[in-house]
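Protein sequences appear in the order of chains A and B.
For the first sequence, the residue numbers in the working numbering are 84 to 594.
For the second sequence, the residue numbers in the working numbering are 84 to 594.
Treat the hints loosely; a few may be bogus.
Because identical chains cannot be distinguished in the list, a pair is counted as satisfied if it fits within a single copy or across any two copies.
Stated by the list, open to error - Think about it this way: if two alpha-carbon atoms lie no more than 20 Å apart in a straight line, the pair counts; the simulated EDC-like pairs of lysine to aspartate or glutamate are: (1) Lys560 x Glu228; (2) Lys169 x Asp503; (3) Lys560 x Asp132; (4) Lys585 x Asp292.
Don't read these hints as lab results, they were simulated from the structure.
Protein chains: 2
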Amino acid sequence: MAEDKPARSGRVARQTQRAQKGQGLGRPYILRNIPTYDILSEENLVRIDAAADRILAETGIEFRDDPTVLDHWRRAGADVQGVLVKFPPGLLREVLRTAPPVFTQHARNPAHSVQIGGRSVVFAPAYGSPFVMDMDRGRRFGTLEDFCNFIMLAQSSPNFHHSGGTICEPTDIAVNKRHLDMVQAHITLSDRPFMGSVTAEDRAEDSIDMARLVFGSGFVNDHCVILGNVNVNSPLVWDGTMTRSLRAYARANQAAVIVPFILGGAMGPVTNAGAIAQSLAETMAGCALTQLERPGAPVIFGNFLSSMSLRSGAPTFGTPEPAIGSMVIGQLCRRLNLPLRCSGNFTTSKLPDAQAMTEGTMSMLAAIHCGANFILHSAGFLDGLLSMSYEKFMLDADLCGALHSYLDGVKIDDDQLAVDAFAEVGPGNHFFGCSHTMQHYETAFWDSDLSDNEPYEKWQAAGGLDAATRANKLWKKRLAEFEAPSLDIAIRDSLDDFVARKKAGVPDAWY
Amino acid sequence: MAEDKPARSGRVARQTQRAQKGQGLGRPYILRNIPTYDILSEENLVRIDAAADRILAETGIEFRDDPTVLDHWRRAGADVQGVLVKFPPGLLREVLRTAPPVFTQHARNPAHSVQIGGRSVVFAPAYGSPFVMDMDRGRRFGTLEDFCNFIMLAQSSPNFHHSGGTICEPTDIAVNKRHLDMVQAHITLSDRPFMGSVTAEDRAEDSIDMARLVFGSGFVNDHCVILGNVNVNSPLVWDGTMTRSLRAYARANQAAVIVPFILGGAMGPVTNAGAIAQSLAETMAGCALTQLERPGAPVIFGNFLSSMSLRSGAPTFGTPEPAIGSMVIGQLCRRLNLPLRCSGNFTTSKLPDAQAMTEGTMSMLAAIHCGANFILHSAGFLDGLLSMSYEKFMLDADLCGALHSYLDGVKIDDDQLAVDAFAEVGPGNHFFGCSHTMQHYETAFWDSDLSDNEPYEKWQAAGGLDAATRANKLWKKRLAEFEAPSLDIAIRDSLDDFVARKKAGVPDAWY
């Protein structure tokens, strides 16, 4: 397992071939061929940096229930007053210099290992919903069966590169044990990279230990094989559960993803610029902490801005202000030379409808334009992050496919410019059969799994289905046809043993 | 009418006030505060320019059934062989130097006059569908009643800036007369700028004559008051109907919009770069023709790239390749220093569903990012341009509202950065009631007319409606509440007389 040699199976070989051509889907990750969309001037970026420095120096950040963190900050030269830490300007940027700008997260199938940072873009399913939905059964609490279903739907699509983490909460399993089932499911049902638990330090360590069973302890010490997504308790608080998990990942040389969740007007200022400055301050502090725990540990700079309804105060997602804010965060992150996680596919809609995909597409394109390297919430969310929808997952997967072509941009060379084809075809004639068309036809355009492009009458004769109904049929088909990737029986047994041992004699906890 | 003095009505005064604040909707047009998204290097743009020059010089463009055009080209120094015209490199760019980079299209309500070019963005409804759809009656041929309904829906929304043109074909009116009813409807039901007919030279002239009745002949000779959208017969053919209409608009100092419609693999190469080079060649030729007819006449550089399904050969819309292509066309247009029309809101979906808004949002954001000044197809299309949907129109109008905030970008100053608010609130507390939030709350975020942001239970209790159903209710409400803007009775009478006189004794033609 612990080697970077490509697997030999036919499917993987074909995928690798397509990836090497830079064409089509099934690549291990995307290398962006379009620039980031930089919307602010250097002068304005400097002003945001300065505002974040003032927040860090004058207001400070509280680090609760984790004395080790306070020791780290004291040694680094910060001003620690009880749990409140104030940072001299420049301190965090200096600490962050040891963090790698690019790293590889290894998959148990080496052909699926991903690069995180630089020009790479990695799509992972959404994370953290307590509910699931489908068009047949409506909304209900998620179970381990749902969790496994979503892993299988991700694994069977060439449009993702990562298996994700808590795709939905398996609420039928005790809170203190479900991380074991989740990590086991990722390893057995997928051969892509995955994420572990962060809800307690020992659960983070269990997750990493399970990765050690797959990859070997020595390999894990030198290579990133698992991610943990840790949240700031915005505004300006890091709680001990999160910092202990963050440190567990960093200590093991694994990558923490550092993410504030700022709902403008509630957990941060109601103005975009202020929320951005806060996000920068909070994320820099979390990223720096990983470097104090273990200099050189991989870490991902995250972002999660949101807006609210001015009428009700309810959170809104997929709106224009956070989309624009993401672009700015992307610029700020590149000044720090860290890998970026930004935005994702968000909506408050309760159905896989027009609203869901308007908001979803706007937020997902913001993640693309801002230069995000790791897009965690690429697929599935409805209901303001609270529900994973089977149909929305398939619709979003299709959008992820389109974004492969989008990120490929446009190639400019004599062949693509087709000047000879004009001479061949001439004014007023069609290009259908010309040699240039024949040569490029198969790879010219992205082809959707779900969109209907037929004439109206043909669509009507086929039942006049909407996109959500087509998505409903497709996820059932994909689950019915699913075949798990092969896994060494010794690894499978060692995981079974680990999970059984960890669960044995431990009473269930439900909070 | 023919003055630039703002109207005094309360509504307009409030709109003007908001527009001057640079906040909210109801502005006469948007001034973009985010940069264009420039995806290609200067070096690659030069290569596309060179490819277009080769197409123009070596293959050439046919101009059929309009000898005046051939005279124009001969005098300008082109190589005219029968109807085939070949252009020495640099000729078209030289001719285009007289075209204005920015101009104002005047509305009969001067507060609604729009700037076209530079940093301005103008949203107009979609154009040209033979069918209309709604959720109650399904698909049917469009009528004058539908046409008027869409004008009223656009006029009653603050999210548009322009009344558009042939919003749908009023197929119940004879082809040789419907332009009279359409222009009359735009003038009487809307007080925003509008477009006239291009389907025959005399219909173009009728349209302009009707504008003269509103604005006065002298004013029209010196100011743009009407647009005409003319299409290239791609590949590389301009037919006489279009060039005669183009010349009618230019001759009257009115703005032609010059638009190739290139479906890659059919009317142009299957590769994006080739279609872009062709589009540049065809559009430059059309734009230059306006300048030969009347140097200094306003003209808009248009673009309409499309892709096809590789399985069926059917046209596809809202896909990634044309979105990327639009960005390149925008860059090429800015090198010519012309106002840009790009892209719009496209989809092949037959319903106002998830597919419709995925494709619609991707294509509309491409129009925003590429720097388009005039976005003709902002709202309504379904069914691959063939149908105008009432519900889709409302959903798209809502997206246009969001794009106002998107184009406003993010303001960076001490107040927006909110550094003092952090000192006031401190770590771990909420920003709900702080003075900074109170001060900015009302204008902080765009607020949707259609999105549901309520908790799931509240949404369910309210009927559990999807976005399309909410849109269905909203268009009916808007039509029921519509009040036409006031119009001078003398102008109204003169239009009635004109239409009656033009129709009298002329037999209906239906093709």
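To see whether the hints hold, each was checked on the structure:
For a Cα distance limit of 20 Å, the shortest separation of Lys560 from Glu228 inside one copy, 16 Å, qualifies, whereas the shortest one across copies, 45 Å, does not. In this assembly of identical chains, Lys169 and Asp503 lie within 20 Å of each other by CA distance solely across copies; the values are 16 Å between and 65 Å within a copy. Neither within a single protomer nor between protomers do Lys560 and Asp132 lie at most 20 Å apart by alpha-carbon distance, with minima of 50 Å and 48 Å respectively. When the C-alpha separation of Lys585 and Asp292 is checked against a cutoff of 20 Å, the pair qualifies only within one copy, where the shortest distance is 11 Å, while the shortest distance between copies is 85 Å.
Violation of the numbered hints given earlier is confined to hint 3; every other hint is satisfied by the structure.
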